[in-house]
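Sequences and hints are given; from them, build the entire structure.
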Amino acid sequence: PLPPGMQGKSIVDGPLPFLFGAEAEKLKRRYWIRSKQGDETSIWLEAYPRTQADAANYHHVEIMLDRKTMQPKAIQVHMPNNKSRAVYMFDKPTINGKLNSLLGGLFNAPRTPFGWTRVVQEQPAGPRAISPQAAKQQATTQTR
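Numbering (this note's numbering), first residue to last: 1 to 144.
It is worth saying that the hints were derived from the structure and are not from the lab.
For each residue, glycine too, the CB sits at the ideal point set by N, CA and C.
A portion of the hints provided could be inaccurate.
[Said to hold, decoys possible] When the alpha-carbon atoms are kept at most 27 Å apart in a straight line, the in silico DSS-like pairs for lysine-lysine are as follows:
id, residue 1, residue 2
1, 68, 136
2, 68, 83
3, 83, 36
4, 26, 73
5, 92, 36
6, 136, 92
7, 92, 68
8, 68, 28
[Stated by the list, open to error] For each label pair, taking beta carbons as the anchor points, the in silico distance ranges come out as:
id, residue 1, residue 2, range
9, 62, 127, 23 to 33 Å
10, 26, 130, 32 to 42 Å
11, 26, 91, 22 to 32 Å
This is how it looks when you write it as structure tokens:
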């Protein structure tokens with residue numbers, strides 16, 4: 001399952017916001033986007049990450065949109081080394097389709113059974129990381 005911070009509207013802030021209805025302005029802030037040669041049924045876009053966080057996930061992404069519905073038809077993700085890629089094709093995509101209701105919300109949080117109590121335990125905070133520069137400075141200060 002998706003971590004709680006990535007569920008709902010936060011999913012558009014994840015690594016592939018093109019699939020989850022991100023706002024155009026948000027996409028423009030995160031990516032350099034340019035139009036590629038399309039055809040009468042498709043719009044092709046190429047997106048390059050502006051931030052190191054996104055660049056760690058991929059070098060660039062090519063998105064093929066259906067010209068009528070503006071839904072993704074395909075996405076090609078070029079890995080950070082720009083030597084390998086993953087291609088995802090979407091045949092007749094639906095938004096919140098019948099499959100979700102048939103599977104009982106497979107991607108929803110599980111329900112607590114009757115008579116049970118849900119207990120959520122937070123993970124204890126680990127030791128705080130110190131940057132190498134701060135550690136070096138601290139060691140230098142202690143030796144003087």
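Evaluation of the provided hints:
1. 68 / 136: violated (58 Å)
2. 68 / 83: Since the Cα atoms of residue 68 and residue 83 sit roughly 33 Å apart, the hinted pair is violated (cutoff 27 Å).
3. 83 / 36: holds (20 Å)
4. 26 / 73: holds (21 Å)
5. 92 / 36: holds (23 Å)
6. 136 / 92: violated (57 Å)
7. 92 / 68: Distance ~13 Å between residue 92 and residue 68 Cα, so the pair holds.
8. 68 / 28: The hint holds at about 22 Å.
9. 62 / 127: 23 to 33 Å: For residue 127 against residue 62, whose Cβ atoms are near 42 Å apart, the range 23 to 33 Å is violated.
10. 26 / 130: 32 to 42 Å: holds (33 Å)
11. 26 / 91: 22 to 32 Å: About 27 Å separates the Cβ atoms of residue 26 and residue 91, which means 22 to 32 Å holds.
Consistency with the previously given hints fails for numbers 1, 2, 6, 9, ordered from lowest to highest.
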